[in-house]
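J.: Two chains, two frames, some hints: make the complex.
Below, each chain spelled out in residue letters.
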Amino acid sequence: MNLVVPHIHYLAIMPVIVLFAGSVVLLFATALVRTKVTTVVATGVTSLAALAALVLTFFQWYSLDQHGATTTVAHAITLDGFSVVATGVIAVCLLMATLVGHDWAVREGVVGAEYQILALAASAGAVLMTQANDLIVVFLGLEILSIALYVLVAFDRHRRTSAEAALKYFLLGSFASAIFIYGAALVYGGTGTTNLSSISYFLGNNVLLRPGLVYAGGALLLVGFAFKVAAVPFHLWSPDVYEGAPTPVTGFMAAVVKVGAFAALVRVLISALGTQLDTWRPILWVLIVLTTVVGAALAVVQRNAKRMLAYSSINHAGFILIGIWAGTVRGVAGTLFYLITYAPTVVATFAIVTLVGGLGDEQHDVANYRGLARRQPWLGASLAVLLLSQLGAPLTTGFYAKYSVLASALDTNGASLALIALLSAAIAAFFYLRWTITLYSEESVDATRIVVPRATGVVIGLGVALTLVFGIWPGPLATLAQHATVLFVP
Amino acid sequence: MHSSLWLSALLVVPVLGAALAALVRKREGWSYAVAVTASSVEFVLTIIIAFLYNSHVAHAQTFDFATRHVLSAPFGLAYDVAIDGISLFLVVLTSFVVLVALLGARDRRREPAFVSWLLLLTALTMGSFIAHDVLEFFIFFELTLVPSYFIIAQWGGAERVKAALKFFIYTFSASAFLLIGILYLGFSHQHQTQGALTFAYGALAQTQMTHSTAIWLFIAFAIAFAAKSPIWPLHTWSPITYAEAPTAGSIEFSALLAKLGSYGLLRFAVGLFPLALPDMRPVVLTLAVIGILYGSAVACVSRDLKRFVAYSSLAQMGFITLGVMTGSKIAMVGAVLLMFNHGVITAGFFLIIGFIEQRRASIQIRDLNGLQGPAPVMAGLFTVVMLASIGLPGLSGFVSEYLILIGTFATHTWWSVVATLGVVGAALYLLWAYQRVFHGEAVGANATMADVNSKERWVLVPVVVLIVALGVFPKPVLDRISPSVQQLIEHVAPSGVSK
Numbered sequence: 043m044n045l046v047v048p049h050i051h052y053l054a055i056m057p058v059i060v061l062f063a064g065s066v067v068l069l070f071a072t073a074l075v076r077t078k079v080t081t082v083v084a085t086g087v088t089s090l091a092a093l094a095a096l097v098l099t100f101f102q103w104y105s106l107d108q109h110g111a112t113t114t115v116a117h118a119i120t121l122d123g124f125s126v127v128a129t130g131v132i133a134v135c136l137l138m139a140t141l142v143g144h145d146w147a148v149r150e151g152v153v154g155a156e157y158q159i160l161a162l163a164a165s166a167g168a169v170l171m172t173q174a175n176d177l178i179v180v181f182l183g184l185e186i187l188s189i190a191l192y193v194l195v196a197f198d199r200h201r202r203t204s205a206e207a208a209l210k211y212f213l214l215g216s217f218a219s220a221i222f223i224y225g226a227a228l229v230y231g232g233t234g235t236t237n238l239s240s241i242s243y244f245l246g247n248n249v250l251l252r253p254g255l256v257y258a259g260g261a262l263l264l265v266g267f268a269f270k271v272a273a274v275p276f277h278l279w280s281p282d283v284y285e286g287a288p289t290p291v292t293g294f295m296a297a298v299v300k301v302g303a304f305a306a307l308v309r310v311l312i313s314a315l316g317t318q319l320d321t322w323r324p325i326l327w328v329l330i331v332l333t334t335v336v337g338a339a340l341a342v343v344q345r346n347a348k349r350m351l352a353y354s355s356i357n358h359a360g361f362i363l364i365g366i367w368a369g370t371v372r373g374v375a376g377t378l379f380y381l382i383t384y385a386p387t388v389v390a391t392f393a394i395v396t397l398v399g400g401l402g403d404e405q406h407d408v409a410n411y412r413g414l415a416r417r418q419p420w421l422g423a424s425l426a427v428l429l430l431s432q433l434g435a436p437l438t439t440g441f442y443a444k445y446s447v448l449a450s451a452l453d454t455n456g457a458s459l460a461l462i463a464l465l466s467a468a469i470a471a472f473f474y475l476r477w478t479i480t481l482y483s484e485e486s487v488d489a490t491r492i493v494v495p496r497a498t499g500v501v502i503g504l505g506v507a508l509t510l511v512f513g514i515w516p517g518p519l520a521t522l523a524q525h526a527t528v529l530f531v532p
Numbered sequence: 057m058h059s060s061l062w063l064s065a066l067l068v069v070p071v072l073g074a075a076l077a078a079l080v081r082k083r084e085g086w087s088y089a090v091a092v093t094a095s096s097v098e099f100v101l102t103i104i105i106a107f108l109y110n111s112h113v114a115h116a117q118t119f120d121f122a123t124r125h126v127l128s129a130p131f132g133l134a135y136d137v138a139i140d141g142i143s144l145f146l147v148v149l150t151s152f153v154v155l156v157a158l159l160g161a162r163d164r165r166r167e168p169a170f171v172s173w174l175l176l177l178t179a180l181t182m183g184s185f186i187a188h189d190v191l192e193f194f195i196f197f198e199l200t201l202v203p204s205y206f207i208i209a210q211w212g213g214a215e216r217v218k219a220a221l222k223f224f225i226y227t228f229s230a231s232a233f234l235l236i237g238i239l240y241l242g243f244s245h246q247h248q249t250q251g252a253l254t255f256a257y258g259a260l261a262q263t264q265m266t267h268s269t270a271i272w273l274f275i276a277f278a279i280a281f282a283a284k285s286p287i288w289p290l291h292t293w294s295p296i297t298y299a300e301a302p303t304a305g306s307i308e309f310s311a312l313l314a315k316l317g318s319y320g321l322l323r324f325a326v327g328l329f330p331l332a333l334p335d336m337r338p339v340v341l342t343l344a345v346i347g348i349l350y351g352s353a354v355a356c357v358s359r360d361l362k363r364f365v366a367y368s369s370l371a372q373m374g375f376i377t378l379g380v381m382t383g384s385k386i387a388m389v390g391a392v393l394l395m396f397n398h399g400v401i402t403a404g405f406f407l408i409i410g411f412i413e414q415r416r417a418s419i420q421i422r423d424l425n426g427l428q429g430p431a432p433v434m435a436g437l438f439t440v441v442m443l444a445s446i447g448l449p450g451l452s453g454f455v456s457e458y459l460i461l462i463g464t465f466a467t468h469t470w471w472s473v474v475a476t477l478g479v480v481g482a483a484l485y486l487l488w489a490y491q492r493v494f495h496g497e498a499v500g501a502n503a504t505m506a507d508v509n510s511k512e513r514w515v516l517v518p519v520v521v522l523i524v525a526l527g528v529f530p531k532p533v534l535d536r537i538s539p540s541v542q543q544l545i546e547h548v549a550p551s552g553v554s555k
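One line per chain: the protein sequences are A and B, in this order. Residues 43 to 532 in the numbering used here are what the first sequence spells out, letter by letter. Residues 57 to 555 in the numbering used here are what the second sequence spells out, letter by letter.
For reference, chain B alone in the conformation it holds in the complex (with noise of 0.2 Å):
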């Protein structure tokens, strides 16, 4: 058991940084080095606590750093931190792709509000994912939607207002249903052991329930967490969100807020309805099929390359969504760690994007051709990550979707067919997209585009040795994901889990 200090320094250093870098607002640069130096030293923290993180802290209970405060007893509202293997590296993730959005993706306009927005939603995304308590995850995860709509609103682009409006409005009204749903599943609590209310989650995890109690809280949260994802039908806020958010929000959005409703499905959906897993699991793999399908299909058709990462992401999110769901443990160990690898790469994907828009002043696919030509360096990066992306063995995509695919072959042969498809899919809307911006005989403006430079360069090396590593040798992070996948398994055993 280690000290939960460690944790809550996770929380504070960004808050701090947000702080400092508005109030250095005045001399020019200074809060940009503020808040690389934050993100920096909270990069560091997360890998110190990566690596002090004892998959095995007590009989049956593999989290750690744990610490629970109670701030309001009438509201059962408490300060409850603590990490398992699930959440470690989803930690790690928020804190990396932060650096390099930061880094990569510098944006100049109003740069001191800018950089202190971005830090502020770093914070609230790593309580959400530390937070132990139910109700203290509804407020990380509802409050990362203001910082996300100012950066939305105010760095994006023509039709910036509308979507973030659209982005706002959406899952606000989603999570209506899961704050509904996480009220009453306190006060069941409450009024079966007759104490205090509360939302540990622990706790909650013991609560008895009707069968038909359990499928519409099932419903409710799922709702909540689908549109965050986003999983189909509840995605339509996602195109125009990543491709009107500045690049470094984009990042942010796709890479780490929708692993929040993956997170939230894994953690709290399955976690504590288990219930509801028998009849709510055919429906929302099938959801995650179309999603599969859909998301590929539409790629294929994008006209901008951002549009087109968010539809690859909707795909991506699918498989993740079937490795949660499953109920496989190979399945749910490789959904863990998709979520993971699908966050370096669409960092990486929308880096790339942003060094392109930058140059080009356009994303529109039929803007851009032969790319390859003035900069095949750019293409070799992206060339990896499109890769990882197609899930090319090797490399870290591979890795996850095989588990995936091979976990839910085991319970859900016809879905697992299905889905495989999709793999097929990402390959056709991966390469051919890559053939129409980088292959051919450059005209015009892209003819002359600049190459990365060295700190660009720099920027995606992190990126693609992480993407390689985690290809070759993903055991490390295995062996600390696997431990809490079993646990989570074993309280949901009951209901009919296999192996």
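Bound-form chain A, shown alone (with noise of 0.2 Å):
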């Protein structure tokens, strides 16, 4: 047997390579140095791996910039502008939630380097999947990140609903991956191929005679998506594994998953499948309706932050899936667009949350939050800015997201989408409203201050500055947006 290595871009996969050794160094040294490795220690290597990658993505575009976009490993993995932006803010997001991981661990006693290892291991399985360009590489990534989550949702032993919320989402999310690899086998099955780039190659060139094959395999793929994405009806495990699991892994969560989940979306859907356009435009449409809407109308009722959030995310997964509806450059431009802006945002309130959630992690109620902006004016009205963020009000990200997303749906005749996505924001504002009220209202249940420890405090002000720069000056994130098209447009 003779097994032919194929040619390696190293360029390209060492984004993967860096997080990945990060984890592993990390896993060596809890195994073999004989003193416990310290949460600085792990907090270090995690941050400068994260950096790392970051910096890599800077060569990555100027690579691009001097010989284009490309694709290596046997054409597995692309290196185009796509997903050199999209593993940017993956290091982004890790680099911050890492901050607000540090000072969580401190605050709770938790000792050993495990979170910053599964954490990177997670990054690394995100980043994968915005590189893919094979259904299997997909799928790789996919587990990668999945499996490190259901330990991160874990983390906590203190609390009985982290368990719960990690078996619940273990359980759920094995049958999505199960579901996904099944949809890949009959994709396989109908047009002979896994390569992304081959199928729409195929499918642009031959006529199906009977294509129930691949459209079965493409609807299992794009259910096996919506569930990692929690688009509706998929989305039942989310409120509750974004209650359980620990606040900082919620806010990382939020944020990788969706990135990673909806790059390799874009793939799926646009570079392979591009050609059925027609096929899968009604039923992400329908998709898009119940996600936007019932994600929306299920937050006001919530109570507690954590599951206001997780459906607002739910919400927010509604829009982001706009853009691939559109099916043009403009679309994914916007999809990338709404990506950026929304996970450092998404991690800097999920920050904030984890310090108002004390020591337990458990005072999550939205009365928690009331009068905190009159006890420390700097940390409410932050938390106000990356509400009103989510909400889309102007000079914020938020509104040039939903704006860039809409855009995209009014240049391809999707008028009424664009008009129900956009009254469910409003159905939204309620409840983003009534929490930011909330934080400016005179009687305070406590008045305990809250400490905000220096690399939270980073990781906020981070967050809101992002949050408003862009919001006053979208001109360089949407012009890096547009440039950072992907390979395989049809």
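Honestly, the hints are just simulated from the structure, not real lab data. Beta carbons are placed, not taken as given, at the ideal position from N, Cα and C, and that holds for glycine. Accuracy of the hints is not assured; some may be wrong.
Residues from chain B shown here face chain A by an in silico Cβ test under 7 Å; the list is partial [claimed, not checked]:
| hint | residue |
| --- | --- |
| 1 | F131 |
| 2 | L199 |
| 3 | F243 |
What the simulated footprint calls covered on chain A by chain B, stretch by stretch (three residues with Cβ under 8 Å from a Cβ of chain B suffice, anywhere in the stretch; the number is not a length) [to be verified]:
| hint | region |
| --- | --- |
| 4 | 156–164 |
| 5 | 347–355 |
| 6 | 426–439 |
Facing chain A, a subset of chain B residues (Cβ under 7 Å, in silico) [what the hints assert, rightly or not]:
| hint | residue |
| --- | --- |
| 7 | V202 |
| 8 | A232 |
| 9 | I236 |
| 10 | Q420 |
| 11 | H495 |
T.: This is the structure:
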């Protein structure tokens, strides 16, 4: 048997290698170093790995500028603007979540480096998903990401809800993975390949007399993704998991899973199944309407901040799907812009939720936020800005995020879809505002001052700064998203 | 053509004022001084602009102080400002009303935050009026909700949280239609020209569209503006909002933010979709007339003074809508003038109501009686404002209502006839309310109520002066409004506008 090693463009896979290496190094260190690996060391290594991955994306961007987009490792991995920018976003979110997780670990007395090891591994999986040009690689990335997350969700051993959430996530998640891989198998059966560009080529050059196999496969892939991004009606796990998971993990999850899964979904639907646009668009239309409306409506009745944010993130997932529904370059750019701006916002929001959660991570009722902005104006105002951004108020990035996907929908005759989504945002405004005004209400439940640890403070400041600076001046990010198009768009 | 820096200054001054007021919050009273200074500077700036404004800038173009900078090409986002005779007086009104509101309705509860929000709201309102790009207008228009929300929810009355939420969700939902309409229009334009995405007003006004597209877009725009104005039946947020907001807030909402609706209707809905006008005109005119009659009727039975002014505003906004939509030049000029006059008049009403509320801690009409005895000057000032609102010749309200009614009579006779009943209605509800509050024998706490002091008197003097001056000599104002209205009409003209 003769094994041919394919050509490998190392720069393309360097971020994955760095993140995974960081994870492995920490893992071995915990096993081999005699003294305990302290949280500070683990956080340091993780931050360095995240920063290195971020720096590498600049080199990748430069290389793209010089040589153009390319595929490598037998066309299974893509290096294009889309993957580079998505990788950068994941690196930033990992860095932010690590810093928040550090302060949380110190507060809760969590020792060891497991949190950081798992976060690094999950990020490596997410980056792999953004680069995947093969259904098998998508699945690999998805599994690396998910398995690390199952453990992270269960990380808080003092709370039973944490384990419960993890079990729920694990059972439903494995089910979704199975559906996904079955879909991949059917697509392989229908087209004879798992490579995304080959699928696109096959479908573009052959008339399917019996398209049932490919359609069924595509539908199952979509279900798998819909589960991962928590699109209605595959969202049922999300509120429980968001609530049960340790809060920094929730923030990490809300940002990184979204970036990875949406990036892969863009490639599968637009690169591989782009020729079948007319078939999947109506399905996606229904999915978007359900996701935006149900997400917003159910958020209104929640009293728990984390559950509320879970439903809010479902609503946002609906908006992000709109860019994919459009199926155009503008739509992909819109989706990417949404991910770039939403991910840091949501990590910073959960950073504040982590602080308010207090020792034991249990004070998550909205009532716990009463008067926060009166006692601590900076912290309260930060949360207000982050919430208003998620609401979509102008002069925050949230407005332009919604604007960019809605614009792509209107560019492709999607006025009714855009209108429904935007009206759902009006429903969502209800709970963002109710929460915001709770921050400013006069009577406060307890006067204990929340200490903002330095690292978390930096994360919150960064999130707010990104929200406001690019909210006032969205030009650079919009241009970046526009230039970072996918390699294979029909 | 004048430098656009004048207009940019109108945005920068209140923002700087808000920031500075927040910075000096630790020192008692400093924030208020900063706010008053900033809004005085703003007012002086607008007066200078009003005198500089040249109504015949270039042939067939009355926009002055114009500039355009593209901020983000992929988004079609631009900073684009310009004013013409229509926006000029709304700009002046904005700075005037804010100054008066600050001076006359000082709210000492957490003052630094309050004046900061108020100044931010001023900047955003200003931005909406000077924006010459539809997307830019939307951003300012939408963003006014945030300071408004915080002002109502933190400084309002007992029902403030409910009122603030209702206000926000209501207008936020309505403006969803506007955003979709704007995007649709922008992309239609881009597909036609095959050029860059732009939302410049002048460019979009040239967009070719089918009749039914024009109607749908007009409806989308009109929903947002009708909710803001408010036009019946989208007015239901306004009574509770005006009633629960603090006095300075009520003044800003009714005198300024409401004008955003009617201004938007005139500039964007009418200006961009002339094809829709023949079909939509009867519908909107009918709604306006219903609003006039309904507002007058409910004002008669309102139990508190703020709700009373809210409903009388609904009637007045009905007149403005009537003038905006008829398509006759006289009526349109009258409508622009009434936007200004109504702003001044409601500011006067809410100021006096604020004085009464301070003294009596109640604005329920049944709690008040015979105030004329202990407070003759207040009663006198109220009378002037009230008579202007009724439309007594010689006062400002008369000129604008008269222009609207004769203009409408020429084109839409029956609507004009029914709307004239509203003038009678106004006399009825205003005089009746005056009678109940100010006439008769003052009993209880009413008998000992203090009259307006000298400071309050001086705040009301400019309001009264404006009311009288514009009633007697409106020519300088009309001369600046007319060419711009003429220009708008010529753009809209092919679809059958008369005179």
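J.: So, as I understand it, the hint says F243 (chain B) touches chain A; can you test that by seeing if any CB pair is closer than 7 Å?
T.: 5 Å, holds
J.: Next item in the hint list is A232 (chain B). Is there a CB on chain A closer than 7 Å to its CB?
T.: 4 Å, holds
J.: Mind taking a look at whether chain B covers the region 347–355 of chain A? Criterion is 3 or more residues with CB to CB distance under 8 Å.
T.: The restraint on the region 347–355 of chain A is violated, since only 0 of its residues have a Cβ under 8 Å from chain B and three are required.
J.: Let's test the interface hint: is any C-beta of chain A closer than 7 Å to that of L199 (chain B)?
T.: Where the cut-off is 7 Å and the nearest Cβ of chain A is about 4 Å from L199 (chain B), the hint holds.
J.: V202 (chain B) was flagged as interface toward chain A. Is the shortest Cβ-Cβ separation under 7 Å?
T.: 6 Å, holds
J.: Could you check if F131 (chain B) really has its C-beta closer than 7 Å to a C-beta on chain A?
T.: 5 Å, holds
J.: Was the hint right that I236 (chain B) lines chain A, CB cutoff 7 Å?
T.: 5 Å, holds
J.: Mind checking, does the region 426–439 of chain A have 3 or more residues with a CB under 8 Å from chain B?
T.: holds (count 4)
J.: Do the numbers back the hint for H495 (chain B), that is, is its least Cβ distance to chain A under 7 Å?
T.: Status violated, d = 40 Å.
J.: Do at least three Cβ atoms from the region 156–164 of chain A come closer than 8 Å to Cβ atoms of chain B?
T.: With 0 residues closer than 8 Å to chain B, the region 156–164 of chain A misses the three-residue bar; violated.
J.: Does the interface hint hold: is Q420 (chain B) within less than 7 Å of chain A, judged Cβ to Cβ?
T.: 25 Å, violated
In summary, the numbered hints that this structure violates are 4, 5, 10, 11.
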